[in-house]
Amino acid sequence: MAYSFDPSYPQQARQTVLRGIERWNQVLGDCLPLQPRRAGDRDYINVFNGGGCFSMIGKVGGGQQLSLSVNGCVYRGTVIHEFLHAAGLIHTQKRPDRDNFITMHWGNIVESWKSQFTKESSRDIGKYTDYDIYSIMHYSYRHPSWSINNRPGFTSKIPNTDYRRIGTGDDFTESDVLAIRRMYKCPARKFKAIPNHNNSNDRNGTKERKPILCSNE
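At the far end of the sequence shown sits residue 217, using the UniProt record's numbering, and the numbering has no gaps.
A portion of the hints provided could be inaccurate.
Stated by the list, open to error - Keeping only pairs whose Cα atoms sit at most 20 angstroms apart, straight-line, the calculated SDA-like set for lysine to any residue is:
1. K59 <-> K185
2. K94 <-> K190
3. K114 <-> D97
4. K190 <-> S175
5. K157 <-> W106
6. K94 <-> H105
7. K119 <-> T155
8. K94 <-> G40
9. K114 <-> F54
10. K190 <-> G29
11. K119 <-> N149
12. K127 <-> M183
13. K157 <-> D99
14. K157 <-> T118
15. K59 <-> D43
16. K114 <-> S147
17. K114 <-> N100
18. K157 <-> K190
19. K59 <-> R42
Claimed, not checked - Pairwise CB distance ranges, derived in the manner of DEER restraints:
20. G62 <-> T155: 35 to 45 angstroms
21. K127 <-> D30: 21 to 31 angstroms
22. P36 <-> E120: 27 to 37 angstroms
No lab work stands behind these hints: they were computed from the structure. Remember, predicted model here, so these are calculated numbers, not experimental data. The beta carbon of each residue, even a glycine, is placed where N, CA and C say it ideally should be.
Kindly generate the complete structure, drawing on both the sequences and the hints.
And the structure:
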């Protein structure tokens, strides 16, 4: 996938985005590499400073817009998350089989955000991997933007779930990688996760975890 930066995108923010792209290419460079747009590339992803963090799902053609606002989106995990949307992955909590793994608490979710939890029956992501509650594509169980009085939007049916890990990772999980490899018919390859990382713009992972959240578009 070719990418470019909007000319107005701040240089400092670009460096964090490029770290996310670097990690992508370490993991998926042999399958679906992210490469700077070249002259003649008609289809590309344009990173811009929009009103939040969002991307289209899958290839739409032309200059496909991917927003990584400098106010809240410039974290490595968010970069990977949004590029995975562009590659074709949906939010894990929207999978058609999600009710087997989590219990929704609709009364705890702000009305305008409920669409972020509506099941996508037309998507076939479930055929690629098992449900992964720690996927970088999964929302946290609560978030100030959409949780009413900070109550959980869902609870897990999976034994011994570590709620602190849901929606806060800054690296691929094995299932994230496997989904892309199967979707694009790439050969399997051993994946090694970066241990003890969270969704921080600090490379040493010392800052507070930032739950991943796409804008409510």
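Comparing the hints with the structure gives:
Among the hinted pairs, K59 with K185 is consistent with the structure: their alpha-carbon atoms are about 16 angstroms apart, no more than 20 angstroms. Restraint check: the Cα-Cα separation between K94 and K190 comes to about 27 angstroms, which exceeds 20 angstroms; the hinted pair is violated. Taken as a hint, the K114 and D97 pair is honoured in the structure, with Cα atoms around 17 angstroms apart against an allowance of 20 angstroms. Among the hinted pairs, K190 with S175 is consistent with the structure: their alpha-carbon atoms are about 12 angstroms apart, no more than 20 angstroms.
Between K157 and W106, the direct Cα distance comes to roughly 16 angstroms. Compliance with the 20 angstroms bound is thereby established for this hinted pair. With a CA separation close to 14 angstroms, the supplied pair K94 and H105 stays within the 20 angstroms bound. In summary, the hint linking K119 to T155 is supported, as the alpha carbons are separated by about 16 angstroms, within the 20 angstroms threshold. Straight-line distance between C-alpha atoms of K94 and G40 comes to about 36 angstroms, which puts the hinted pair past the 20 angstroms bound.
Our distance criterion of 20 angstroms between C-alpha atoms is met by K114 and F54, whose separation comes to about 16 angstroms. Taking the CA atoms of K190 and G29, the gap is about 13 angstroms. The hint holds against a cut of 20 angstroms. For the hint pairing K119 with N149, the CA-to-CA distance comes to about 24 angstroms; that exceeds 20 angstroms, so the pair is violated. Taken as a hint, the K127 and M183 pair is honoured in the structure, with Cα atoms around 9 angstroms apart against an allowance of 20 angstroms.
Straight-line distance between C-alpha atoms of K157 and D99 comes to about 9 angstroms, which keeps the hinted pair within the 20 angstroms bound. Among the hinted pairs, K157 with T118 is consistent with the structure: their alpha-carbon atoms are about 18 angstroms apart, no more than 20 angstroms. Proximity of K59 to D43 is assessed by CA-CA distance (about 8 angstroms); at most 20 angstroms being required, the pair is judged to hold. Between the alpha carbons of K114 and S147 the distance comes to roughly 10 angstroms, so the proposed pair stays at or under 20 angstroms and holds.
Annotation: proposed proximity of K114 to N100 holds, straight-line Cα distance about 19 angstroms (limit 20 angstroms). This hinted pair does not check out: K157 and K190 have alpha carbons roughly 29 angstroms apart, beyond 20 angstroms. For the hint pairing K59 with R42, the CA-to-CA distance comes to about 12 angstroms; that is within 20 angstroms, so the pair holds. Separation of G62 from T155 is about 41 angstroms and conforms to the stated range, judged on CB atoms against 35 to 45 angstroms.
In this structure the hint that K127 and D30 lie 21 to 31 angstroms apart at CB holds, the actual value being about 23 angstroms. Checked against the given bound of 27 to 37 angstroms, the beta carbons of P36 and E120, roughly 31 angstroms apart, stay inside it.
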